[in-house]
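Peer 1: If you want the building blocks of each chain, they are given just below.
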Amino acid sequence: MNILSLLKGSHWALIVAMGVFITIQVWFDLEIPGYMSRITVLLNSEGSPDAILNEGVGMIFCSIGSVLCSIAAGGVAAYVASEFAKILRKEQFKKVQSFSPEEMGRFDIYSLITRSTNDVTQVQMAVARTSQLVVKVPVMTYIALSKIATGSWEWTEVSAIGIIAIIIVQIFSISYVIPRYRKVQWYTDGMNRTVREGMTGVRVIRAFNAQEYQNKKADDANDALTNNNLYASRLMAFTRPFNGVVQNILTVVIYMIGADIILASASGEDALLVFSNMVVFSSYILYVVSSFILLAHVVLGLPRALVSARRIGEVIGTETVVVGGSRTEPEDTDVCISFKDASFRYPGSSNDCISGITFDVRKGETVAIVGQTGSGKTTLVNLIPRLFDVSSGSVEVCGANIKEYDLDALRSMIGYATQRPVLFSGTARFNIGYGTEGCTDEKVWDAAKVACIDGFLESKEGLDTVIEQVGANLSGGQRQRISLARAVCKRPEIYIFDDTFSALDFKTDSEVRRNLKASTKGSTKIIVSQRISTIADADRIIVLSDGRIVGNGTHQELLRSCEIYREMAAIQECGGDTE
Amino acid sequence: MKSDSKKPQDLKQAWIDIFGYIKRYRIMFLATAIMSAVASMLALLGPYYLSEMTDLIQKGLSETMDIDSVKAIGQTLILIYAVSGILTFLENYMMATVSQRSAQMFRRDVSRKMNRIPLRYFDQSSKGDVMSRVTNDVDVLGTQMNQCIGSVVSAITTLLVSVVLMLFMNVILTALAVAIAVLGFLIIKLVAKRTQKYFRAQQKDLGAMNGLVEEQYSGHSVVTIYAGQKEAMERFDRINDSLGVSAFRSQFLGGISAHLNGLISNVGYVLICVAGAMLYMSGSITFGVVVAFMIYVKLFTGGFSQLSYAIVSMQSVAAAAERVFTFLNYDEMPREEEKIHMDTAEGLVEFKHVTFGYDPDRPVIRDFSAKILPGQKVAIVGHTGAGKTTLINLLMRFYEVDDGEITIDGIPIKELTRDQVTALFGMVLQETWLFEGTLRENIVFNSKGVTEERLDEVCRAVGLHHFVESLPQGYDTPIKDNDSMSAGQRQQVAIARAMIGDPSMIILDEATSSVDPLTERLIKEATDRMMDRRTSFVIAHRLSTIVDADMIMVMKDGEVVEVGRHGDLLRRGGVYSDLFRSQFEVSSD
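Line order of the protein sequences matches chains A and B. 1 is the number of the first residue of the first sequence in our numbering; add one for each residue after it. 1 is the number of the first residue of the second sequence in our numbering; add one for each residue after it.
To be clear, the hints were calculated from the coordinates, so they are not data collected in a lab. Errors might be hidden in some of the hints.
With a cut-off of at most 30 Å between alpha-carbon atoms, the simulated DSSO-like pairs for lysine-lysine come out as follows [claimed, not checked]:
hint, chain 1, residue 1, chain 2, residue 2
1, B, Lys204, A, Lys8
2, A, Lys216, B, Lys23
3, B, Lys113, A, Lys216
4, B, Lys204, A, Lys95
5, A, Lys86, B, Lys197
Work out the full structure, taking the sequences as your base and the hints as a guide.
Peer 2: Following this line, the structure appears as structure tokens:
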């Protein structure tokens, strides 16, 4: 999608205004050498100081006019750029909020973060700076060239040589430098990855005495990065002084040629005209040359912004697959959740992740889902709040297909504690009360008690206990319990606990489960777990294997009828035998 | 990055440290400074000769022109500009070399340093902080260090030399040029101060925006389920609006100061023209002097703004250097000489009156003694956060005991080097650490001389061989950190890595707590084979895996509270039996 279409009419009007300001500014700028030449003539023809002062005032007027115009143009550009950046950030954020995990997965989180932040900044810079240059360079070249159209042929010839030399060097260095610039990020990522690896794996590296091994890897990444940067910056070391030298020498050569012409000219008047033309020409030609150098800046700056713009466009242009319906009220039925021959496959995958899933959960029932890692447990429960949509078959909640529900209405019925606990920076109150309408401290404390995190919070600052980003200041078990408390606090009709007890030690685990049982009577619960002890007392246990249901019954029934379940139970209870 | 991190504590000291650090490039550094000075001087000679040339040409308007002198000056000028250009090129080239090489040196030393500082550092400081030192700060050093030196040298040279040359030509015009430049400099400084304020505000808003976006995106599923979008959108709008304003202001004001530079230089130009014209008419100066001054006033005002930019970047370089040097100067683990030769061990491990605390004033292990016979299996159990890893940290010499000693085969581990100690152990951690590389690299890792047969043998032993066979490129299949390998497979790779070096003793730190029971059984077979006849230490969550241990150490609140065999501990009815019951009771209420 073309992100420029997000600009409003008023923004385009401002951009046009910016173009006008820049044109006027360049015009003012290029008037200045004209005054200079008239001053030169006046000086030589013994003009009065008053006349010179008049021209001087005109010149200062032009400079001030030029600065005012460029400030105005810069202001307009900065305004449009910051507004545009705001729109881009907001559109992206809104879009990503509406994503389902499938789309999140397609982009990967770090890339999405970069797109919402750095890429927007890149585009903003391009709009604020490069857009001015894009207008300025052709206008400046055109006006400057038209001013010196009367100059001598030799001057033009020499200037053309100088400009062509600069253009060749620019093209040459840009075509070598741009690929290197593009790679800088890539090599930097490589270096950072090695450092991060060295840090996360510090124990393993030391345990294996692999410091040298790691050093070698870091050195390789470091050398690659250094060589790339060296190449680019050495090349630029040539380009910059080259431009300067050409500009300076051009002036000298124009003067030398001028001297020849003056020498050859017949009358004193002709000579004077040539002299003032020479001063004018040499200053205008500098404008032309520098506009070509500015052009190089545009060429160097634009590709990066264009890449960013495309990346932003990809996010905003993504169609979300999960779209809500209009139903806000559930039917009054006894069956709470019903899977009807539901299958799901990840996009691009050739195999179903889960297939032919059919089962009902009655209101108030506790159903457990067990199975090996990768058997599709999490995928199955993710279908209920429509994090993903079934590929075929259907899922019903309270008598209606979940696709009929308004998304918020559907999700408001569900309290879901995810496998990997998600915590936000903020207070414990914010984290636990997250998503609970009309939340009070009392409700939060109740939930905290159920999740056995109240003791910990009391030992800190209660509900005002600060939780750092991603819960960095908490242990794995504490994070899980906060996440659990969040689900409880919402007091929903349906609870989903996806392996929420795994980081809890067994004592806490059993305590939390006891509390849950007491406090969530009447609610429907779906518990995903690997621990048989956690789910043995569920009303019903569904055993998944390779995405299919291979067992559905109570603990005792499954022990008799389901081979896989029996095996799992046997392994876990081997310790019990010695009791 | 914090916005206040731009200001160094001690600018001078930081620069002294930098010069000390880049010893090897000091001569090159000095050479760049000299070249930069010479190049700026030559560039300043240009206008002087240009004015002479103009005078000669102008004289030719009324009298006969001395065309030979004009040509001679022209050639001199071309030579001056060419030499100055070559010098600038050489200076830039060397500058690029010195700064990139220094950055390389910094990166290298910082990443090596990571291997030499005590583990304590990593347990106490955030990864993001170290990362930012290695990447952002070193980048600042690499890109700005020499640039700012070059700028300072050339700006100062330009200012001094142009003043001298201007004075040489005309005092009144010089005074005018200096007055304009100083006035302009003060005005720009005023604007820049305000810009700085908005720039800081923008950095702060950007930081807040990053934080919010990162949090919202990583917690996306929860935000979706708990319908947190509206709340997030409100916060987002607040930050976005504030960012919009600060971005506009800093961009706008930043632009103004650049334009003001242009205005000042133009006003200077006009004033010099007018004043010069009057002086010329009064006959006190030649026309060439006016032309020369028109250029000098531009160079002079340019020198001022260059200097002010250079000072800002000198400060940010110093701040970055300070942060990098703090890390580089962090106390290292003492170097050790190998005193005793020891490649393998029988596996007799003794803790003798060991006392230790992460905070020395608050010991978590007090006067702890235990003797583990060769081939025995020791289990360390306890609640989450009970400090089970502490004993392993001491055993591996990741941390040093405060009192008492630990011996292996009767030799105190303090007598051995850290490398020797760790080489005796094979270790598998709960968090499997895989790096970007092939499967082979991940398994073989640091082991030397591993044959294909040995690799096959180990993979068969840990049950990985089917997986390897299913891979398109076998052992040479690249692995990405968040790849499609299951937790179980990752754990098997970690076990294979530990096994392949054929260590004397084994440490398993919660090696199976993140896998499901069936996978766990598979892994258990592998680890059992590995632990066979080797002294092993197992930290376990699930007690079922350690009931057969020869010794169980029960930890609570960082302390070892019970030691014994499963049966004894169960009978004792203490912490262990509580733990055990909670694990195996099928809740009956």
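Peer 1: Are any of the numbered hints broken by this structure? If so, which, sorted upward?
Peer 2: Checked against the structure, no hint fails, so every one of them is satisfied.
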